[in-house]
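Chains as they are written, first to last, in full-length UniProt numbering: chain A, 1 to 382; chain B, 1 to 382; chain C, 1 to 382; chain D, 1 to 382.
Misleading hints may appear alongside valid ones.
Claimed, not checked - Derived SDA-like pairs (lysine to any residue); straight-line CA-CA distance at most 20 Å: (1) K244/B <-> E52/C; (2) K81/A <-> S89/C; (3) K290/B <-> V60/A.
Simulated from the structure, these hints should not be mistaken for lab results.
4 protein chains.
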Amino acid sequence: MMCKNDGYRIHRAGPREKIYFKPEDVKAAIITCGGLCPGLNDVIRQIVITLEIYGVKKIVGIPFGYRGFGNELAEIPLSRKVVQNVHLSGGSLLGVSRGGPNVSEIVDSMQERGINMLFVLGGNGTHAGANAIHNELIKRGLKVAVVGVPKTIDNDILLMDKTFGFDTAVEEAQRAINSAYIEAHSAYRGVGIVKLMGRSSGFIAMQAALASGQIDICLIPEVPFELHGPHGVLKHLKYLLETKGSAVICVAEGAGQNFLEKTNAKDASGNVVLGDIGVHIQQEIKKYFKEIGDPADVKYIDPTYMIRACRANASDGILCTVLGQNAVHGAFAGYSGITVGICNTHYVYLPIPQVISYPRTVDPNSRMWHRCLTSTGQPDFI
Amino acid sequence: MMCKNDGYRIHRAGPREKIYFKPEDVKAAIITCGGLCPGLNDVIRQIVITLEIYGVKKIVGIPFGYRGFGNELAEIPLSRKVVQNVHLSGGSLLGVSRGGPNVSEIVDSMQERGINMLFVLGGNGTHAGANAIHNELIKRGLKVAVVGVPKTIDNDILLMDKTFGFDTAVEEAQRAINSAYIEAHSAYRGVGIVKLMGRSSGFIAMQAALASGQIDICLIPEVPFELHGPHGVLKHLKYLLETKGSAVICVAEGAGQNFLEKTNAKDASGNVVLGDIGVHIQQEIKKYFKEIGDPADVKYIDPTYMIRACRANASDGILCTVLGQNAVHGAFAGYSGITVGICNTHYVYLPIPQVISYPRTVDPNSRMWHRCLTSTGQPDFI
Amino acid sequence: MMCKNDGYRIHRAGPREKIYFKPEDVKAAIITCGGLCPGLNDVIRQIVITLEIYGVKKIVGIPFGYRGFGNELAEIPLSRKVVQNVHLSGGSLLGVSRGGPNVSEIVDSMQERGINMLFVLGGNGTHAGANAIHNELIKRGLKVAVVGVPKTIDNDILLMDKTFGFDTAVEEAQRAINSAYIEAHSAYRGVGIVKLMGRSSGFIAMQAALASGQIDICLIPEVPFELHGPHGVLKHLKYLLETKGSAVICVAEGAGQNFLEKTNAKDASGNVVLGDIGVHIQQEIKKYFKEIGDPADVKYIDPTYMIRACRANASDGILCTVLGQNAVHGAFAGYSGITVGICNTHYVYLPIPQVISYPRTVDPNSRMWHRCLTSTGQPDFI
Amino acid sequence: MMCKNDGYRIHRAGPREKIYFKPEDVKAAIITCGGLCPGLNDVIRQIVITLEIYGVKKIVGIPFGYRGFGNELAEIPLSRKVVQNVHLSGGSLLGVSRGGPNVSEIVDSMQERGINMLFVLGGNGTHAGANAIHNELIKRGLKVAVVGVPKTIDNDILLMDKTFGFDTAVEEAQRAINSAYIEAHSAYRGVGIVKLMGRSSGFIAMQAALASGQIDICLIPEVPFELHGPHGVLKHLKYLLETKGSAVICVAEGAGQNFLEKTNAKDASGNVVLGDIGVHIQQEIKKYFKEIGDPADVKYIDPTYMIRACRANASDGILCTVLGQNAVHGAFAGYSGITVGICNTHYVYLPIPQVISYPRTVDPNSRMWHRCLTSTGQPDFI
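Next up, chain A with everything else stripped away, as it sits in the complex (with noise of 0.2 Å):
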């Protein structure tokens, strides 16, 4: 019998001695849900090959996430020579995208397929849906193993040190950074905005930020800031200008939602839509300027697409891989319900609604946060 989580414990993840499926036996099935992610393309590939050491014959693509549960889309046949160079390039060779059928027609389809072993890749939303998947397969008494890699490139996974993609983000946003302290440095009172990924966590702004070493402001959503009043970030870009010349802003776009009309709009996977805080702030600081008679030349980048479709990087094409063998050993070993991670330094199976009560967030009374205040020069804004 299977053994899926128990609950609560965290389980040092690796190969077991025993394994509760005849490799023979196993129709492995994988799935992308989401937003694209650095590092899809690798997880992808390394669970393949890990089924394919394992004896695993039958593994397929879902195209398109949950969606792909759902309608007459074709399976994609999956192999080592399928999967040997996708890590390559960027994008999720199974395709992503957000929303799908519900739970009990999933189910449905997994068991007309035949389907085993479901390996998702998705966020909070995605996994919690995997749980669902894992409790009614549970219910119906199949013998299927649901496991999932949390992706999500805010690196705001509770309890996990570190998701993919997160490494590759703060890797490529030093691009959109740069250029835009060239474009603030080259202008007169120029001032560069850019606009980063993090709905709730500002992991990606803060170490870019440190990382760059050319940010004056880092905005992000754990900290509140005023733009206007005496101590506004309006007020310190003025003094910024007057000093130095020119100034770079790098804001979470989950920052200073509360500058923003709230909608109720939400998006497929049930995200709330955020408003536009870059958009926001460019305006914002050009109106300012305009009417203190003092003009700033702003520039504003929005480089989120061109990071999220980025490759993975060396280090994580590296946990990439651990994550994805682990999947697969996770799965053989029979737990169902869990999601595999790095937790403390040490690799570990975590039963999924340890882990998707709410987002990791910055915590602003940590060191790295201090070190970003330091290495920015930023004050309070409030």
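With the hints as your guide, set chains B, C and D onto chain A.
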């Protein structure tokens, strides 16, 4: 006596036997105007190095273009040591800006500073200014050489094979196009849109599309198109999504201006502010596919500032080197009111008025545009 | 009847009104010979795509150059789907090699396979082979088109402005030169040496030196030099270390062969195996400065394989696209024994014998070489 | 009184409440010793910036490592302005070298110059020197802080999770590996060999192999292997060429030294000069396949200098920033004879003697090495 330019003839560029300035009497100034363009630092660097080879000791940069003549901004002393590695970064060491004082004020400032060689890096408007300065200097009977180096990333200067920065722009555009391709390809009914530079001329869009091999639709200012209607872009897009599953569009910023509300706003350089065709197309596509009940997943990338801020690639590096050397040779030969360029594979001097009357454009009947159409497979959109 | 080539005339390349093959009767084969060169996959890709546009259904790749005709290696079926993204990787999809069976055996194999269009990507030796095949086919009265695409990273084909891969090579060489510059500059009495491609011609070394602005000494096959002696390279190097503290040398592989022991060894392509001038210079420099009691810190970089294996840059991508299209147009127009190229800015067809008699070389009296000397500041080394 | 280090304990790094130097009394010096490593400029930059934040005015760089103490080379004045963008280039702003005057002479020179804070960036030998300087200073009763920052691209420092430059090296190694893969894959019976850094430790080779997914055989100093014999590398290579058609080998420079003639030569840092295992393997492979009558096409790449001269990537940039800040905090806290590092995810101060006794190595029984073996699919070569 200085020979200035002779009004219409093209001269082969290069060093002359006789020089019209004693190097020890020369005070040379360099200015960079308008927006950023890869290679500005390369040209500055080469002008400085070549001036030093001639024996010039007094070389300065005027900060922030013509604006630097109008206020108290300090001159930037230049020497081989200062410029040695500036070509390894993008931007302009001297700063750029639009606008500035009027011609008479500029010439006053030049006289005060004792400048008798002025190297002007800029676009059409900047060259018109340089020519006016040249004429005013003649009127005042001053022996000053004014030499332009055409800076237009759009590659739209009359008579010239290629302007510096263009090759780099096409190269860097590949990165954005490939991101758009990956986003579109990985999405369900994905459409990637890349807006590229090109106010009046579609050279960057055309060449970038041709080089990438990943563009399905290329839209440029020179070729009218319809969005709606039986032969419009949207219809073709629908066909592409049905047959290929995804599509990538590359649009020059000056294309399809007829779809946008005319504003009479002009920027500080006197250029009409264009409507944003990229955003417009994005919205029309979203609306169209929503209306026909089969939404598309549209991703829009505007890499403009990330392209402009790049350092020059090797090919542009060589072009900048030769242009910079020739600018100095021309000034020492006593030419004024000229600009340097490469014309039918030869490096030449041209009288400024010859090149600034209107922008060079893509010929819709040219082989290159037809090769582009072959590559994209797009029909006429009329 | 096929028109073949007319022995001496140059024809403008492009599609013709009449075509000499029914697309449905065509079986086209592509081979790549010799060493790697950026752009091979781009040309292959474009030939395949253009053949499909003409309506050809039977397209194959012969693996590993002429060798593939000689043994039991399977043909590689080619189609738009197969080649869609091959230009994003370097190398050759089909494999390359030197040598192979004799002309008669190749033509036998072509007859057996039913090939009536052969596209040959390779250098001088390969083109000589293509011409011999063409002649043998005529002798046998077979209606087969043999069309070459010159592949030489050295850019040393007679009459041609530029061959594909050259621009990329110059670009990639920057990386090695910059590394050598940093190593030399960061070391005490540091000397960086970069060996670049160029068996008979110094185009890559010259252009790479010019583009980088970081080279002090550029040595090419066309310009004789002495190492020792009062005007030798070593004396100048001593001067550079005393005045600048470091120096960077760029040497083409074919330079200074007079210093090396002659071998009569030839590689499988029939090229004489060159002595290693880079290693030789490195050793002579070390010895010289040790002997004068003031050792230099010498770092030697040979980036050859890292340059050859690159994917084509945008500029070469466009060149490859046009050459590939023209190769197919030429074959359909009934030409045979020709090769495609760009000649004085025009794309043309040339009879093979016209271009292979000897390699094109750098003219030591040309402006470009003099610009290079100005840039490096090096004296005559004789 | 200064607390120096307490001989064996590890302290958490960071600012302390009490500082043991008045900033206005401090004259701080920075030196960089040994070979280049990505991130040197980042650490220099951050030390300077942090010193300025403490209020230090006198900051200098000693040129070319310890050697700079021994002769008349001028100190390099450092300030935020000087170092602002140095992290954008590789190398060391201060120059590096091996060797130098003896400890007593160095301390004499420090006294003359009035240096009371010394930051030493270097490897094991350099740290041994720093410790000796620290002891000599104590013997002379001088209140001087000597703080090391471990610089070893090989990542082979005891107790430390990671040293700066390592991550960048693994990243850059990908480029060489991919070139070798493409060369091998495009050749008939192609073998690509990449030699990577790692005198005693195979971390770079192991991680680079794991990240690339393109390596078939990874050879490191920690794991003995045979070339010839029934289980040797050559036998496996033969198998790979027969089954896959090509193979890629990655070898650490310190691997297989038993195959090479022992020399007793040492470099100026006192390191034994290693034989060139890369060249040796290349020759043995060529010979072997020639002898068995089926030659292989072997391509050898040594990217060492191109990797060392890189600028730091984002991840190393952050590590360097934190190490640089902590080095200054440590000095101001009155520590001396210590070095900074990251140890079990925490930033710490360690007494120098604790970390230099021998190099950290790859554990052949570790999970990471086993993951590498899984990835390459290589057997034991004994």
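Against the structure, the hints come out as follows:
1. K244/B <-> E52/C: Measuring from Cα to Cα gives roughly 17 Å; hence the hint holds.
2. K81/A <-> S89/C: Answer holds: K81/A to S89/C is near 17 Å, not above 20 Å.
3. K290/B <-> V60/A: violated, 31 Å
The structure does not agree with numbered hint 3 stated previously, though it agrees with all others.
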